[in-house]
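Fit chain B to the known structure of chain A by using the hints.
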Amino acid sequence: MKAMIIDDEPPARRELRRLLTGFPWVEIVGEAGNVDQAAGMVETLSPELLFLDIQMPGGSGFDLLGRLEDVPQVIFTTAYDEHAVRAFKVDALDYLLKPIEPARLAEALGRVKSAEAARTPRPDAVLEQIFVRDGSRCWFVPLREVRLLTSEGNYIRLSWGKSQPLLGRALAALEQRLDPTRFFRANRRQIINLDFIEAVELGVNGRLHAQLRDGPEVEISRRQARLFKTKLSI
Amino acid sequence: MNDPEPAITQQKSQLAYWIFQLTGWGVITLGRFFGGITVLHLDWPRLLLELLLVNSVGLVFSHWLRDFVRRNRWRALPIRKLSWRILVVSFVCGAPLGIVTQFTYLSVLVDPELLLRDYAPALQFQLALPAAIALEIANWTAVFIVWLVLYFTAIAVREHRSAQFKQSELARALQLAELRLLKSQLNPHFLFNALNTVRSLIADNPARAQDAVTRLAKTLRYTLTSPQDELVTLSQELEIVADYLELESMRFEDRLRIEQDVPDYAAGVQIPVMLLQTLVENAIKHGIAELPSGGLLRISAVVRNVTLIVEVENPRPPAPTRTSAREGVGLHNARDRLRLLFGERASLELDLSKPAVATARLRIPLQQ
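Note that the protein sequences, when read in sequence, are chains A and B.
Using the numbering used here, the first residue of the first sequence is number 3, and each one after it goes up by one.
Using the numbering used here, the first residue of the second sequence is number 58, and each one after it goes up by one.
Excised from the complex, chain A in its bound form (with noise of 0.2 Å):
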């Protein structure tokens, strides 16, 4: 597995090498000592698994999640973070306090593994995940987990379990990259969900309208009505 680490300090970065000696399946194909030139690094080499100092220069490892078009898994490592290790709770990311317990390590690198073979293989375009930060809190959202996303201006907010997260990225830029036997686009506005689909019905204005599980009912466009239809061979 392809992995990278990213930390502003040069003995942190040669401490954690030294650990994953003992994980020969991790290969560590870079290093990076700032976001810059961690976001550029991340592009090329596209690793599969981040280990993320927090607090960098120039910008924080949620920074750097933030810019990434394709978020690889994540390890966090911090020395003293309490916030960043807060906004966290919510999610089942995992994150390392530094300096780091070799026993962590392992116990951190086998979720990863198992999260890895969890994952169904899919054509490389199709995005799995998505790093969602709003405010104080951030999220990795699995897409599958997402009933609706909702174009608002240059922002997507996202219908994901009891939260309204909301995206800096547009709706027409995110749908190419979205796995098309899951989503489909209902109106200029709405991109569905077809796995949240509980009832569709036939409105007096003559559009069909799906009612998603617990979520609103979303109208479908005349123009993609007939496609929505084959999809759901109806």
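It is worth saying that the hints were derived from the structure and are not from the lab.
In this text the structure is predicted, and so the values were computed from the model without any measurement.
One or more hints might be untrue.
Residues from chain A that keep clear of chain B, each with C-beta distances beyond 10 Å, as calculated [what the hints assert, rightly or not]:
1. 13
2. 68
3. 109
4. 115
5. 130
6. 144
7. 221
8. 235
Below 20 Å or equal to it, Euclidean Cα-Cα: the simulated SDA-like pairs (lysine to any residue) are [as the list claims (entries may be wrong)]:
9. 233/A <-> 213/A
10. 342/B <-> 61/A
11. 342/B <-> 62/A
12. 342/B <-> 64/A
13. 342/B <-> 233/A
14. 342/B <-> 65/A
15. 231/A <-> 214/A
Sample of chain A residues facing chain B (criterion: CB under 10 Å; computed from the structure) [claimed, not checked]:
16. 81
17. 99
18. 232
For every residue, glycine included, the Cβ atom is placed at its ideal position computed from N, Cα and C.
Below, chain B alone, put in the same frame as chain A:
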């Protein structure tokens, strides 16, 4: 006394009590004595003997009264409840003394004939004794009332004073606690990063790792064990700053460059412990650590107009990032400590007038 007062205060108040007791009763005795021999021309040895006897009983009674009101915690009573209690006990003590007094030489002080001159002679004879006794009793009751009022006034005054004293004591304790808190803001971010560096050095360079552990121990000991309001010389503080900077250099490697310009004449000036250290930590945290290529940290000192001026200069990132905007805490605390120790005579400012440079400037008056 139920309050846990220091022994010395208790001794002092005991002495004051006896002085007042003896003076009070002495004045009453002397007054009556001179009244007796000058106005009424009484036989002075007998008068003196009887006065001494009766007034001694009065003194003993008043002393018992003090015991009694203390045991029953009358000082805690509201004025209204206290007033009628004072009346009752004063009468209880005054009655026997009044009766006794009537049967001594002193009774002559009151002439029943004069009092009852409007009544018929037969009635006069009948009422003479009870009226005289009633007067004596009233007289003694009044004495005890005055005694008790004085006693409770003294207690009230003393309690007011001790409350004031306690308040100033409390304020002082609070200040100390505040100082302790401000100083104990051990920087955990530094601590854990330093430990991580040490862990890395153990494999890379064991000798350097040993050095790092020693320096870390010195830094921690300095932070944790120096008294809160202690002053140290600038050179002592610089020693610990050097240890700290050496540890940070191991962490940041070539991103941190250090320059120091402290003339010998400034090195002996007294400054609050850990204050310069805080400024240097700040310079690292908001300056060097925020810049991908690091920069130069400069410490300089001069003495001008009987004032020590210490400057810590660091490059600052173009736009304050989220973290540096949030954390003015260190500087704020340093300012508070300075105020608590020197009042308005010292100051600390953050100068951002130069482009891309932040200068923390500390001014401390020289100690006489």
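_Of all the hints numbered above, which does this structure not satisfy? Sort the numbers upward._
Of the numbered hints, 1, 13, 18 do not hold.
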